[in-house]
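Asker: These are the residues of each chain, in order.
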Amino acid sequence: MIRVQQEDFDIGAEVAKLTGGRTDIGAIVTFTGTVRDHDGAVEEMTLEHYPGMTERELSRVEAEAQARWPLQASLVVHRYGMLRPGDNIVLVVTASEHRDAAFDAAKFLMDYLKTSAPFWKRESGSGGSRWVEAEAGDADAAARWHKRNHAAE
Amino acid sequence: MRLLYFAWVKEKVGRASEEVAIPENVATVAELIAWLKSRGPEFANAFEREHVIRAAIDQSHVRHDARIGHAREIAFFPPVTGG
Chain R
1 MIRVQQEDFD
11 IGAEVAKLTG
21 GRTDIGAIVT
31 FTGTVRDHDG
41 AVEEMTLEHY
51 PGMTERELSR
61 VEAEAQARWP
71 LQASLVVHRY
81 GMLRPGDNIV
91 LVVTASEHRD
101 AAFDAAKFLM
111 DYLKTSAPFW
121 KRESGSGGSR
131 WVEAEAGDAD
141 AAARWHKRNH
151 AAE
Chain F
1 MRLLYFAWVK
11 EKVGRASEEV
21 AIPENVATVA
31 ELIAWLKSRG
41 PEFANAFERE
51 HVIRAAIDQS
61 HVRHDARIGH
71 AREIAFFPPV
81 TGG
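Respectively, the protein sequence lines represent chains R and F.
Numbered continuously in our numbering, the first sequence closes out at residue 153.
Numbered continuously in our numbering, the second sequence closes out at residue 83.
So here's chain R without its partners, still in its complex pose:
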């Protein structure tokens, strides 16, 4: 399941909704990304996105995770709009019988969405505002999963 929304999310409530009543799950991994301030320079962060394509990309990445690992449930929630330092940005939840699949799938989902989901961050503070630059390390993190995929083929 994927959701794109302005509102905040409650991690406990999301996990309960996703896995409540199920007894076949042995491992639940959650990842939460939050707005980080650099030395008091960030007062606001605005997340722009591409409505339509965002949902398509998140669904595509989630489907790929489902195809690669035996997941019993997964959830990606990504916020957009105006956020402040400390606010939640993104939530990934993966549930599986065993921990390895849940951990690996959660990392894969984050690595992939960071390089493919059409979101752009703009930071504003006392020093003005600027679009956040993509980090080369993000592409490397996503590319590592390509290599593993090819190695397994």
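Hints were generated in silico from the structure; no laboratory data involved.
Think of the CB as a built atom: it goes at the ideal place given N, C-alpha and C, for glycine as much as any other residue.
Just to be clear, a hint being listed does not mean it is correct.
[As the list claims (entries may be wrong)] Simulated restraints, written as ranges between beta carbons of each label pair: (1) F:24 - R:36: 44 to 54 Å; (2) F:73 - R:5: 15 to 25 Å; (3) F:64 - R:11: 35 to 45 Å; (4) F:67 - R:12: 41 to 51 Å; (5) R:22 - F:15: 42 to 52 Å.
Fit chain F to the given chain R structure using the hints.
Answerer: Structure of chain F alone, referenced to chain R:
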């Protein structure tokens, strides 16, 4: 055809979207960028570092050598920074 711009590409071209009639000799994304750059200084400026600009045809990521074909919607944007 509908063109969409996001983040600093949108700011530089001064609009979020527009309907355009693309010349018949424009077949690929790279050729579309070259044509856009000829439309005015704001486009020349926005697409100055064209190798960093990403494109999507009908909401799927594509490379600059992708053919436009019968695309309904083409978007241009900087590398994504979500998550």
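Asker: Could you see if the CB distance from residue 67 of chain F to residue 12 of chain R stays within 41 to 51 Å?
Answerer: holds (48 Å)
Asker: Taking the CB of residue 22 of chain R and the CB of residue 15 of chain F, does the distance hold inside 42 to 52 Å?
Answerer: The hinted range 42 to 52 Å holds for residue 22 of chain R and residue 15 of chain F, with Cβ atoms some 48 Å apart.
Asker: Would you say the C-beta atoms of residue 73 of chain F and residue 5 of chain R sit inside 15 to 25 Å of each other?
Answerer: holds (23 Å)
Asker: Assuming the hint says 35 to 45 Å, is it satisfied by the Cβ distance from residue 64 of chain F to residue 11 of chain R or not?
Answerer: Between residue 64 of chain F and residue 11 of chain R, where Cβ atoms are some 40 Å apart, the hint holds.
Asker: Evaluate the given range 44 to 54 Å for the C-beta pair formed by residue 24 of chain F and residue 36 of chain R.
Answerer: The hint (44 to 54 Å, Cβ to Cβ) holds, given that residue 24 of chain F and residue 36 of chain R are roughly 49 Å apart.
Comparing the model with each numbered hint stated earlier shows that all of them hold.
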